[in-house]
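Here the protein sequences line up with chains G and D, keeping their order.
Numbering of the first sequence is given in this note's numbering, commencing with residue 1 and proceeding in unit increments.
Numbering of the second sequence is given in this note's numbering, commencing with residue 1 and proceeding in unit increments.
Calculated from the structure, these hints are not laboratory results.
Just to be clear, a hint being listed does not mean it is correct.
Result set (SDA-like, lysine to any residue): computed pairs, CA atoms no more than 25 Å apart in a straight line [said to hold, decoys possible]: (1) K112(D) to D58(G); (2) K27(D) to D58(G); (3) K31(D) to L159(G); (4) K112(D) to S21(G); (5) K112(D) to I104(G); (6) K86(D) to K178(D); (7) K27(D) to N31(G).
From chain G, some residues computed to sit far from chain D (all C-beta separations above 12 Å) [what the hints assert, rightly or not]: (8) N18; (9) T34; (10) P38; (11) T46; (12) K48; (13) R50; (14) K53; (15) F73; (16) M102; (17) E105; (18) T107; (19) T116; (20) L146; (21) E149; (22) S155.
Keep in mind the model is a prediction, meaning the values are calculated, not measured.
Positions of the beta carbon are idealized from the N, C-alpha and C atoms, including for glycine.
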Amino acid sequence: MNENGVEAAKTFTESVDNLFSEITSWVADTNLHTTLQPTEISEETTGKYRINKLTLADTNGKMVAELVPVGAFVIGASGRINLNGKIDDAILLKLDAGGPAMDIETTVAGVTESKTVPFFRNVKESGWYWIESSRLGRANLLTKELFAELLWGVSEYALT
Amino acid sequence: MPSLNNILEPVWETYQTTRDCLKITSKSISKNQFAILRNTKFAGNTVDAAELLISDSRKNAEDFVILSLWAVFERKLLEYIQNKGKKLLGTTPTIFCSNLHQKIERDMEYWKSNDLLELFKPVAGHDLVGKAKQVKQYRDWIAHKNPNKPSPANVLPLEAYKILSAIITTIEQHPDFKKGAVLNDSCM
């Protein structure tokens, strides 16, 4: 673990807590209850650190979905959270404006040509994004409306 | 970026199909459509047990696709080298060239993945090769699943697919590797 790792873990933890606060406010007027539960992540660069996961339950206390932080270090992103439900799961990534890209350099007869290919389309600003794997890399900024759609997709629970 | 003849595409399609099948099965269980599940692994399970099985399978599918993508990709890199190695034989191979060819054929199976990737840096570039090494590192962590070892940088299946596909596409479009590329066939 190094200083950069400690800093990255701290930044990631804060970012996750901020997102969870936002999600809690989105579902405040619905039948869903949110609970923060501590969990632990262990990454090569950060070492072990404690972070919260967010559970969403219905009025009977039955779990509808949970948001589980995966780690601060992801190729091309500064954090990953999984939204897990019984039907499916969805990947949320913390991305900078523009998103990550691959630089492809090819050398032929001593001449190098370069091009940059983005991993994901549609990353116009920094934030948390849902990555659609079925559409090969479309990123969608997480909003209240999108969260409701994702919740339906992973659990068939309609926010009311 | 993935080309029409992308050797990794069947692996990716299988992964997507697996995820969709698990989704459909979950929906059948949640809608109590148990008749559909007759003669399957889920018949006779409680709903909770079936849901746990599906959840575990979804996680495993994400791990397995990384392992599969890497296996197919690495084999393809070795194939490119084998094809290049055949040029050593030419039309009238010298004894030295034959020996060198045999040694490459024999030893290449033991080359470290990172060393193999380094060979393709002039073709695909530092950044792509560096990202492929990260995919390999994550692949190794999944394969060994040592609970005492912290995880390296996480790799989404989609990212692994795109990175490894980009390398294959770039190699196949490179003049040195394009089908029909003509090289001097004398070894010395």
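Problem - Unmet hints by their number, sorted upward, for this structure - result: Hints 1, 4, 11, 12, 15, 16, 17, 18, 19, 22 not satisfied by this model.
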